[in-house]
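2 protein chains.
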Amino acid sequence: MKAEILTIGDELLRGEIIDSNSSFLSQRLLTLDIETRWHVTCADDRGDMAESFRRAAARSDVVLVSGGLGPTRDDLTMEVLAATFGRKLVLHEPSLETLRAFFARFGREMAAINEKQAWFPEGADVLVNPVGTAPGAMLEVQKESGGTVLFFCMPGVPRELYQMMDEQVLPRIAARCRVETWQRAALLRTFGIGESNLDEMLRDVALPPGVELGFRTQFPDNHVRPVARARSEAEAQANLETALRALRERLGALVYGEGEDTLETVTGRLLAARGATVAVAESCTGGMIGELLTAVPGSSAYFKGGVVAYWNDAKAQLLGVPEAVLAEHGAVSEPTVRAMAEGVRARFATDLGIATTGIAGPTGGSADKPVGLVYVALATAQGSQVRELRLAFDRERNRRLTAQIAIDWLRRHLLGAPLDLPRLGKVEKR
Amino acid sequence: MKAEILTIGDELLRGEIIDSNSSFLSQRLLTLDIETRWHVTCADDRGDMAESFRRAAARSDVVLVSGGLGPTRDDLTMEVLAATFGRKLVLHEPSLETLRAFFARFGREMAAINEKQAWFPEGADVLVNPVGTAPGAMLEVQKESGGTVLFFCMPGVPRELYQMMDEQVLPRIAARCRVETWQRAALLRTFGIGESNLDEMLRDVALPPGVELGFRTQFPDNHVRPVARARSEAEAQANLETALRALRERLGALVYGEGEDTLETVTGRLLAARGATVAVAESCTGGMIGELLTAVPGSSAYFKGGVVAYWNDAKAQLLGVPEAVLAEHGAVSEPTVRAMAEGVRARFATDLGIATTGIAGPTGGSADKPVGLVYVALATAQGSQVRELRLAFDRERNRRLTAQIAIDWLRRHLLGAPLDLPRLGKVEKR
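Top line first, the protein sequences correspond to chains A and B.
If you're matching positions, the first sequence starts at 818 in this note's numbering and goes up one per residue.
If you're matching positions, the second sequence starts at 818 in this note's numbering and goes up one per residue.
One or more hints might be untrue.
Which copy is meant is left open, because identical chains are indistinguishable; a pair holds if it fits in one copy or across any two.
[Said to hold, decoys possible] In the DMTMM-like style, the derived pairs of lysine to aspartate or glutamate whose C-alpha atoms are separated by at most 20 Å in a straight line are: (1) Lys819 <-> Glu833; (2) Lys819 <-> Glu868; (3) Lys1186 <-> Glu833; (4) Lys1186 <-> Glu1151; (5) Lys905 <-> Glu957; (6) Lys819 <-> Asp983; (7) Lys933 <-> Glu1017; (8) Lys819 <-> Asp862; (9) Lys933 <-> Glu977; (10) Lys819 <-> Glu1050; (11) Lys933 <-> Asp1016; (12) Lys905 <-> Asp1078; (13) Lys933 <-> Glu1012.
If you're looking for bench data, these hints aren't it; they were derived computationally from the structure.
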């Protein structure tokens, strides 16, 4: 079954609104294992709308239409849909009653133009809208190539569309579609390897038949998306699970999570499970690590706090970095970051302390200490370790990548996995 | 001139990503007064891509293509574009050199599959990508109906696309199209007022002819977008400037900046201009204020550091909040946040200290101190002030809004403007 989504509205084509309806509708169709082949946006224009309806009828089996159901002159969906497929518009009395009742509830007289919302193409099945004035409609149309195509017209207002899709549209589609190919997909989230290296690393992994891999970059992470297609739901699910095991075995600790996981939620779960606490001393990341860790609800169970030590006197007074270390080695140095991690661990009396210092750019570098030179440290009861990084992005991404490396180090430490960053630039172990 | 935008990617059709590129590209085309007629999204599929390219060539004059330029097997844009219009793929040596240099900067060997990104349809004009590995291309194709259509292929990664659109694509389009109506637009950024109140506040502002206002919400801010259309570039520009003066006069300190300004860059410029320094004590914002302030290059001139005091012992030991205050009033209270702001100002020896404490949610509230109760404090040489907020968003937005209020307070203090937050929920002055 081929699905197409058609969103209608000049405001979309002017870029005033980002179209989130298409994404929502596609996600909901996937729950019935129906893949969307096309998203099309056209203007509130009779010719363009008719062209879109005709093309969708020719190439798709289900067409979800969003927008153009309002009372104003530029709301043309029902009119053009009827005209395109040679139907008359007919008055739907129950909808007119509902409209009148809707306005009466607000103590208002219904304006004449609102009556338009009770007219539908002949033969349409009206879809009630309990949260707005515009009802939707299902219209079945003969395809020129034989068979039929189902049009579902829904309001463009997201909350009205969401409810109509789930309550009125999906059940009608499910009742009519005979599912032949089943699909199951998952998302494996990795950190610490580039997209092309990931692709190469997985080139010779044995996957069950019908399983394909997709790749997605979401800085600073890369994701692998196995999609399993099979003749039955159970077979698709089993093949997906087999693929996931093979991918995880190959990638090891590079995989930090699956689906909606973030690095900070996964790391937070590990901290909570082990009853471990952490504090952070941040220079170049400026508070980003704390912000990421505390974005997780319940993070107060393991995150005690941190010091953002941007100036040297803060590094000395609040973290206890010896003045002599700062004078001899400078703020961006291995001894300083080590003292910061150990200092913050001691001050906050935590199990773990992490620290960052570096030159994020775009200025502030020297021949000796160039932009992109970053140190990250981890302090534990067993002592502290430092990594030297040479990053080559802009300020924003240098900071983001540093924060991710620091949190990933926490995660790897809690898992007992070594910090291994061969693909992220020149990284030296101290 | 008819424009069409084509975004390519299975992830868009699965609804995993909301397509914001189309909206951005349409907005940018409008700066040349070019209206977009179609947005189309298709899969990483040779047949569907070819169909999209052919249809766009038949009905449009400019086609902006986003996505499918990466190194992996599902990146097919150049290959299919060449095949669709009967071109060979040819190696572009300068792009290959740029790719090799890119990887060398990271101390990495270029993977063989990356070479693919240096092959382009014969006759294409290569568009450099200074922020990523995938160059773009402009290809001029003969229309069957006569004349030509211009294809511009850009990366799907938003920040790479943004830069390529502005630096490479728009100038090429402007050079080829004969502009009859000139358009100039600007963006006034406001914080502290809701979208509908903003609209009402501006309802009776006198604007020059041909100037229209648009509104855009970008949490936690709201923006006003005046657009001036006129018969000449100079007239459009003059009318835009008149409109901007009238809008700024009406909105006063609600406007924090224009165009690409952020609240933290504007506040940073004020701090630097006055030679003032600041430190932050964060509880519920967890480091976000420090992260925002230090995202600005050169922020080390005025930002000395901060303490993220998530646990009470950190509030006491690192910020000097008296144990008795914490015991009597609790961590989320007016006396605590005041002591935090004064404490951080004293510890870091800064001119200004700001502090936050609150219950961001989703749990942790009580009848007495519900989720959304937040205190923000500002300490100066003249003493300290506290604001009590009752926020009603989710955790993420409660935190973001708190950080923005704190930074805006800094900005208003530096400008000598009162902190006035009548539209952001119940705010009490202490």
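Hints, verified against the model:
For the identical chains of this complex, Lys819 and Glu833 are inter-copy neighbours only, at 18 Å across copies versus 29 Å inside a copy, given an alpha-carbon limit of 20 Å. Proximity of Lys819 to Glu868 under the C-alpha cut-off of 20 Å is found in both arrangements, the shortest distances being 18 Å within a copy and 16 Å between copies. With identical chains, the CA atoms of Lys1186 and Glu833 are never at most 20 Å apart, being 37 Å at best within one copy and 39 Å at best between copies. For a Cα distance limit of 20 Å, the shortest separation of Lys1186 from Glu1151 inside one copy, 12 Å, qualifies, whereas the shortest one across copies, 44 Å, does not.
For the homomeric pair Lys905 and Glu957, the shortest alpha-carbon distance inside one copy (14 Å) is at most 20 Å, but the shortest distance between copies (44 Å) is not. Proximity of Lys819 to Asp983 under the C-alpha cut-off of 20 Å is restricted to the intra-copy arrangement: shortest distance 19 Å within a copy versus 36 Å between copies. For the homomeric pair Lys933 and Glu1017, the shortest alpha-carbon distance between copies (14 Å) is at most 20 Å, but the shortest distance inside one copy (54 Å) is not. In this assembly of identical chains, the alpha carbons of Lys819 and Asp862 lie at most 20 Å apart only when taken from different copies (14 Å versus 25 Å within one copy).
When the C-alpha separation of Lys933 and Glu977 is checked against a cutoff of 20 Å, the pair qualifies only within one copy, where the shortest distance is 18 Å, while the shortest distance between copies is 45 Å. In this assembly of identical chains, Lys819 and Glu1050 lie within 20 Å of each other by CA distance solely inside one copy; the values are 18 Å within and 45 Å between copies. In this assembly of identical chains, the alpha carbons of Lys933 and Asp1016 lie at most 20 Å apart only when taken from different copies (14 Å versus 50 Å within one copy). Taking CA atoms no more than 20 Å apart as the test, Lys905 paired with Asp1078 passes in neither setting, with 44 Å inside one copy and 43 Å between copies.
Proximity of Lys933 to Glu1012 under the C-alpha cut-off of 20 Å is restricted to the inter-copy arrangement: shortest distance 14 Å between copies versus 47 Å within a copy.
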